[in-house]
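There are 4 protein chains.
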Amino acid sequence: MRYRSPSEIMIGGSGRMARAATKWLDGSIVATRGVGWARKPRLHALSEAVQGKYHYTIGPYSDPVLYVQPGDRIRIETRDAFEGAIRTERDKPTKRLRMPFVNPQNGPIMIEGAEPGDALAVHIESMLPRGENPRGTCCMIPHFGALTGTTLTATLNPPLPELTRKVHVDEKQVRWSERVTLPYNPHIGTLSTSPEIDSISTLTPDSHGGNMDLPDMGPGSITYLPVRAEGARLFIGDAHACQGDGEVCGTAVEYASTTTIRVDVIKGWTLDWPRLEREDFIMTIGSARPLEDAARIAYRELVLWMEAEYGFDRWDAYMMLSQCGRVRLGNFVDPKYTVGAGILKKYLAPA
Amino acid sequence: MRYRSPSEIMIGGSGRMARAATKWLDGSIVATRGVGWARKPRLHALSEAVQGKYHYTIGPYSDPVLYVQPGDRIRIETRDAFEGAIRTERDKPTKRLRMPFVNPQNGPIMIEGAEPGDALAVHIESMLPRGENPRGTCCMIPHFGALTGTTLTATLNPPLPELTRKVHVDEKQVRWSERVTLPYNPHIGTLSTSPEIDSISTLTPDSHGGNMDLPDMGPGSITYLPVRAEGARLFIGDAHACQGDGEVCGTAVEYASTTTIRVDVIKGWTLDWPRLEREDFIMTIGSARPLEDAARIAYRELVLWMEAEYGFDRWDAYMMLSQCGRVRLGNFVDPKYTVGAGILKKYLAPA
Amino acid sequence: MRYRSPSEIMIGGSGRMARAATKWLDGSIVATRGVGWARKPRLHALSEAVQGKYHYTIGPYSDPVLYVQPGDRIRIETRDAFEGAIRTERDKPTKRLRMPFVNPQNGPIMIEGAEPGDALAVHIESMLPRGENPRGTCCMIPHFGALTGTTLTATLNPPLPELTRKVHVDEKQVRWSERVTLPYNPHIGTLSTSPEIDSISTLTPDSHGGNMDLPDMGPGSITYLPVRAEGARLFIGDAHACQGDGEVCGTAVEYASTTTIRVDVIKGWTLDWPRLEREDFIMTIGSARPLEDAARIAYRELVLWMEAEYGFDRWDAYMMLSQCGRVRLGNFVDPKYTVGAGILKKYLAPA
Amino acid sequence: MRYRSPSEIMIGGSGRMARAATKWLDGSIVATRGVGWARKPRLHALSEAVQGKYHYTIGPYSDPVLYVQPGDRIRIETRDAFEGAIRTERDKPTKRLRMPFVNPQNGPIMIEGAEPGDALAVHIESMLPRGENPRGTCCMIPHFGALTGTTLTATLNPPLPELTRKVHVDEKQVRWSERVTLPYNPHIGTLSTSPEIDSISTLTPDSHGGNMDLPDMGPGSITYLPVRAEGARLFIGDAHACQGDGEVCGTAVEYASTTTIRVDVIKGWTLDWPRLEREDFIMTIGSARPLEDAARIAYRELVLWMEAEYGFDRWDAYMMLSQCGRVRLGNFVDPKYTVGAGILKKYLAPA
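Chains C, B, A and U, in that order, are what the protein sequence lines are. Residues in the first sequence are numbered consecutively from 23, following the working numbering. Residues in the second sequence are numbered consecutively from 23, following the working numbering. Residues in the third sequence are numbered consecutively from 23, following the working numbering. Residues in the fourth sequence are numbered consecutively from 23, following the working numbering.
It is possible that part of the hints are untrue.
Repeated chains share a single entry, so a pair holds when one copy, or any two copies, can fit it.
[To be verified] Lysine-lysine pairs mimicking DSSO-like chemistry, simulated, CA-CA at most 27 Å apart: (1) K289 <-> K367; (2) K45 <-> K194; (3) K188 <-> K368; (4) K289 <-> K45; (5) K62 <-> K368; (6) K194 <-> K289; (7) K45 <-> K62; (8) K194 <-> K368; (9) K194 <-> K75; (10) K289 <-> K62.
Simulated from the structure, these hints should not be mistaken for lab results.
Next comes chain C alone, as it looks inside the complex (with noise of 0.2 Å):
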């Protein structure tokens, strides 16, 4: 028998690609219990001229761009996290920024029939690069950063340098540096439906969605958000090309894209929290600081899960994830840290 090294824990996207595999979402949770599934999908446009301006908060108090039905395409222009800014190495973010106006978000799009206590499906289809190379952007931020104190790990020690990293991109690699060439892995940093009544920065992730970062939201992954508002108000944008676990300078290899989504809606399936489906596992994710509550946050809400939907014992399920749970770090340098607790589908299969 083949040993298979743990080092396949760590391998992440490599060799990932802009486009899923398709099959097994036949049997995902929107193909059972989404409204629009069975659907032939309608395609909107969502291009950087339809959306016009861009948002950076996330709440009920925006004009709507888009109102689609569930089970709808939509292919969307997301702008990078700089919004463009930062076009050469020479670029520098202090310079070219002006807080709180980054992270820009497409949106809101409506979704017919979604009502509180519902909850958004998004299946991630595609993400493909747009604009001229070098596409990618990786800043160092001046207190800004898992390494350095911030603006709330507060410290009196002298910044770490400000710096500017220009990466090409296309549909299969992340060219790095003339040394590294990384994998092309791409996923959406930022992906929220809208809370009540606050309005979010889209540099905060939460129980609403949001900056997430989480690598695992990529093309083939279904995110499943809680609907708070009317229509859901969905929020879309920070691609990444390619991100490690935690994020850890600050910032992913940011780029524009083109990412295609399919919505729908799950009636009645009220979220606390995030939740994400791919062929392989499912995730709770959970958002807040210090980063050990967002581990509890994500694990309690997987054990809960497993209890109401798939035939465990409360206990049985805490303890077996104490054995077989999967946790990724998303990011620990937002405003709130993010964490997806998850476990393969297979252990979750009826005796």
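Given the coordinates of chain C, assemble chains B, A and U onto it according to the supplied hints.
Showing chains B, A and U alone in chain C's frame:
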């Protein structure tokens, strides 16, 4: 091109065996720099009888049980974390255990020539179960675990139920329940050199190693620990037949093992925190509370290691790990939490 | 020489009255730098009727209820944090309240001439109880408070009991129980200017102020808040008849008040976080999780303030605060925790 | 009626003397329950010469230096936290100190009859400065303190400057600078009984006491510590001439003292964490990271104490502390942070 799902990140040890492939070892750090690796190893047996009294603190005040040479092999009979006191599912931890006498350790083993400022290398060659089945034990212990108030995260809520699970463990699988069988994914939960003057509970991980609970620390891994006392004073114990990321309920599938290791000394390699090497990746390990501090330590150590020994500019390493670093949550239940930060070796290759 | 016991540190507001002495005000920061302090104040009444709908988020999207000049006085009818829904000890919060519609705020009040980059000064002149006794309400709300698992510190423990306490409050005392009478120590729990684009739950403190729950913020205090929107957009509410450090069970003695404030504008005084002044001390205020980050923010702000405006070398200030800085824990129950760091004015006097 | 400003909370030890009033002691816990308090105390001298080698860990492995009876008095010559190695402002800590050999402790002192499950009472009677002026030392040590990245809150920022301040200390005042004179507010930074089997760095506070850095622990205080080893094994050291809440730069005004204590034993009073009594209040002490866990521990202990010994219903105590509990931040710079939660004795009086 085949699409590789992110779920591979989550597969963990599925299909792992108790004995690891060894060819890659020839190019490992210990093979290159260890003073004894080229020697023909002498085999030592550290049976229960030879060990006699097991230890509940890691420090300089206990009597050595074994003296070995760099490059030697040791076959160790570890006891489970409950020291065998939990024999049936009716045995309650609060009845059978008395704190702080848990997590018994073999050792201290003295490695000749190991001096403060050196690193001790511990290659885990194999881990085999000992004793009669059901050999594996998992407990929910009141006020212990990640999803409960604890002695430190002090609350007034009623405790969770106290539960014991006994499970069949063999060299291939862990029969968790009628419904779920998990792969045998053995690893060492607690591995330590001695601090200089402190004698630390075996429950606590810190910069000397300790109760890290990292699933990566199984057969096929080499752990590098800082030497802070003459002879290194190696302690080892706490075998797990499998464990999920974070060890969420507080315990893994704890079992008694026969674990075979090979040890060596790297002179003058002064480590601040433990490091780990496997065929495909290197990893740095931090233990602290809150959890983000454990992750900060791990990533900082990795940045500085890449700078010092792999020819990376510090900020290039930092920004690159933001794209390809991988994080393993060891535990978030012990007195300190443990995080490993890793990078695939292929990204470390010279230009 | 009389020995003064450290218990004086702990006496809190014993003997405090609803109306503060005012002579020291002539030398206060607002008196020296406010554009309207020398004016004869005009009195505005912000009664319940004038207010109409109270607010549950702090932001730029709500309609102003009052326009005032710098230096004006405003008499405000605040509602209690439960908006009067908890009338008897049989009223359960989970039955009577619907999240996120709690902690109602008066405002927004527009202050003429206040522009982004300025500071808004809010001097609390007096706080008088409104309504019939027992006016005061304290609740234990499930999954809320410092000594229970919460929605963020997620656990699986059973919740604490849900309890309501109604207490007599007058201008001198709070009759907590047959056994214990506490001094009336009124303060404002939630005081805010508007963020630039976010609209933040009134439960959350942050750099704009918000739900800080600082017992120091009562009559005799001047709070300085950063102006980030035209007119400052002042929100105020959440009166407490008394509160312990940390607000450990989650709620203070919440009551409806008639609170009289005087407001002013300090042009070009750009604050990153709120500040507070009383007769004897100045204080900086940080809100974050984990709690050490709130304390870090507060102390960093205080060091930088001493350097910028009181003629201290930065490191002298830092080391000196290590000898004489005083910390107030506002709350450690809200979505962010609040800490004030202060220094006695006598230590700020020029050499 | 005079308005008493909240600044009284912040006055700290202004005007405190080195010797405390003693009348209230007759009604203290130790006077009521201590086995030796009624005895005429015998005085023991624990001079530098008697002590010999000072200790850098707290544990059961060191040789006793003194045997005393319950109720005895001990006059102790403590060394400063740098063991006198920092003599001038040109002495750099990194040059003069070698970790972990800092914070030297007197002891262990054996108290006859103290057994595991008892409490040890330590009444600090007086603290007088020793040695030539400038006797006081305060240092900024690289990567240590609250407003800098540290070995645990690991960052890549450049360190703060390394600075030493020598200050005149006498029984009345601390001459901090030309500009600022602070009151002499002496207290013991580190006070411990021995853990059962661990031997813990003197830098770390925990449930056995340790490096708590609480300004309340000066003359006039009685600290109650859990006995976990035969004879209690009392360690004491780390005198501070004054200290701000949190000890923000990492060090207080460290000095060598002659500290006189009286010790006693309360049989069968089994404490989980240290407690403190002064004339006006009682306090419970928690040490942990993150800081909120230290506060949780302290408040939980206080609730349970009020329930067990003062006749309060548990939930009444919890809700009442939310109105009148007071918090002292000891340190947020040590390996664990320390918080005291207190209540005035007058609120504990029977109905």
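Evaluation of the provided hints:
1. K289 <-> K367: Intra 23 Å, inter 47 Å, cutoff 27 Å: intra-copy only.
2. K45 <-> K194: The answer is within: 22 Å in one copy meets 27 Å, while 31 Å across copies does not.
3. K188 <-> K368: Intra 41 Å, inter 22 Å, cutoff 27 Å: inter-copy only.
4. K289 <-> K45: Classified as within; 24 Å inside a copy, 55 Å across copies.
5. K62 <-> K368: neither (30 Å within a copy, 44 Å between copies)
6. K194 <-> K289: Neither way: K194 and K289 sit 38 Å apart in one copy and 43 Å across, limit 27 Å.
7. K45 <-> K62: within (16 Å within a copy, 53 Å between copies)
8. K194 <-> K368: between (30 Å within a copy, 17 Å between copies)
9. K194 <-> K75: neither (31 Å within a copy, 55 Å between copies)
10. K289 <-> K62: within (19 Å within a copy, 60 Å between copies)
The structure is inconsistent with the numbered hints 5, 6, 9, although it conforms to all the rest.
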